[in-house]
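6 is the number of the first residue of the sequence shown in the numbering used here; add one for each residue after it.
Treat the hints loosely; a few may be bogus.
Listed below are the simulated DSS-like cross-link pairs for lysine-lysine, each with C-alpha atoms no more than 25 Å apart in a straight line [to be verified]: (1) K276 to K20; (2) K48 to K20; (3) K134 to K48.
Bear in mind the hints are in silico, worked out from the structure with no lab data behind them.
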Amino acid sequence: MALGFRAAEVHEFYKLFSPRVVQRSYWRIPGLRSRFDARAVEKGLRSVIGARTLDSEDLRTDLCVITKRMDTGSPWIVMNNPRSRFWETPPDRSFIGNRHYPLVNVVRASTAAPNYFDPEPIQIIEGMKPGLFVDGGVSPHNNPALYLFLAAALPPYQLRWPLGPQNLTIVSVGTGTYRYRVSEDDLPWFRTIGIALHALVSELSDSQQLVLALMSWFGQSPTRWPINSEMGDLGEAPAPLNQPLFNFLRCDVQLDDDWLERELGVKLPAKTLASYRMAAERQIRR
Numbered sequence: 006m007a008l009g010f011r012a013a014e015v016h017e018f019y020k021l022f023s024p025r026v027v028q029r030s031y032w033r034i035p036g037l038r039s040r041f042d043a044r045a046v047e048k049g050l051r052s053v054i055g056a057r058t059l060d061s062e063d064l065r066t067d068l069c070v071i072t073k074r075m076d077t078g079s080p081w082i083v084m085n086n087p088r089s090r091f092w093e094t095p096p097d098r099s100f101i102g103n104r105h106y107p108l109v110n111v112v113r114a115s116t117a118a119p120n121y122f123d124p125e126p127i128q129i130i131e132g133m134k135p136g137l138f139v140d141g142g143v144s145p146h147n148n149p150a151l152y153l154f155l156a157a158a159l160p161p162y163q164l165r166w167p168l169g170p171q172n173l174t175i176v177s178v179g180t181g182t183y184r185y186r187v188s189e190d191d192l193p194w195f196r197t198i199g200i201a202l203h204a205l206v207s208e209l210s211d212s213q214q215l216v217l218a219l220m221s222w223f224g225q226s227p228t229r230w231p232i233n234s235e236m237g238d239l240g241e242a243p244a245p246l247n248q249p250l251f252n253f254l255r256c257d258v259q260l261d262d263d264w265l266e267r268e269l270g271v272k273l274p275a276k277t278l279a280s281y282r283m284a285a286e287r288q289i290r291r
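Construct all of the structure, not just a fragment, from the sequences and the given hints.
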């Protein structure tokens with residue numbers, strides 16, 4: 006969309022592209038190799054993005070892509086911001102400036118979900134091994150709304166965006182949420198490992214709820230979303246110093262029976278609802 010594609014075009018691209026990406030090969034052994042071939046992702050992205058780099062004049066808006074560098078254990082907030090500290094390659098060539106990063110590789114890195122796709126290598130320093138990047142969703146910024154606010158407001162980024170709901174609106178678009186649950190009967194026979202894996206997965210959901218709570222409190226929002234049974238939706242909670250810092254719009258669908266029937270008048274069979282919660286290739290194709 007930052008390149009000027011309409012939402013309808015992005016939708017058509019996704020329908021064409023996703024079945025090719027999630028083709029499972031019997032030669033890819035679970036636990037030893039990623040489930041899907043990342044070359045299909047790169048090929049599809051390159052067909053749309055081409056050889057553009059992060060400093061491309063074709064980008065019509067500011068762009069922020071969040072990924073996580075595994076070899077250093079740090080989230081990376083990559084922006085086409087000429088004022089940022091790492092935009093230009095320094096005279097001593099101690100790193101390659103962000104402006105030179107191929108846009109295909111940056112986007113691919115942000116979608117390299119562990120277990121599903123291999124990490125994306127990106128050259129950071131000439132002559133040295135590349136950094137290994139995975140999906141930014143495995144960082145605290147799975148919902149990037151809070152960090153985008155920080156990028157707009159904090160001095161190091163030098164954007165100096167004026168604050169207040171009359172100046173800044175942050176729109177957070179989700180892909181369907183639900184509270185992650187697991188019962189004892191759901192755990193495999195190797196229960197200790199199973200509990201550990203489920204706990205790590207649920208931590209992503211917890212991070213999203215924390216971001217939602219902070220954004221709902223710091224900003225003013227006409228779209229109220231419940232945080233938990235104790236806090237509610239924070240709709241009546243005054244902002245710090247009674248001064249909302251921005252206007253916050255959260256757009257999402259809660260994949261729970263009660264919410265769907267109450268808000269949308271939709272009642273789905275239990276199997277259908279469960280299928281919407283699965284990140285499996287069969288469901289993506291549908």
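Determine which of the earlier numbered hints do not hold for this structure and return their numbers in increasing order.
-> none
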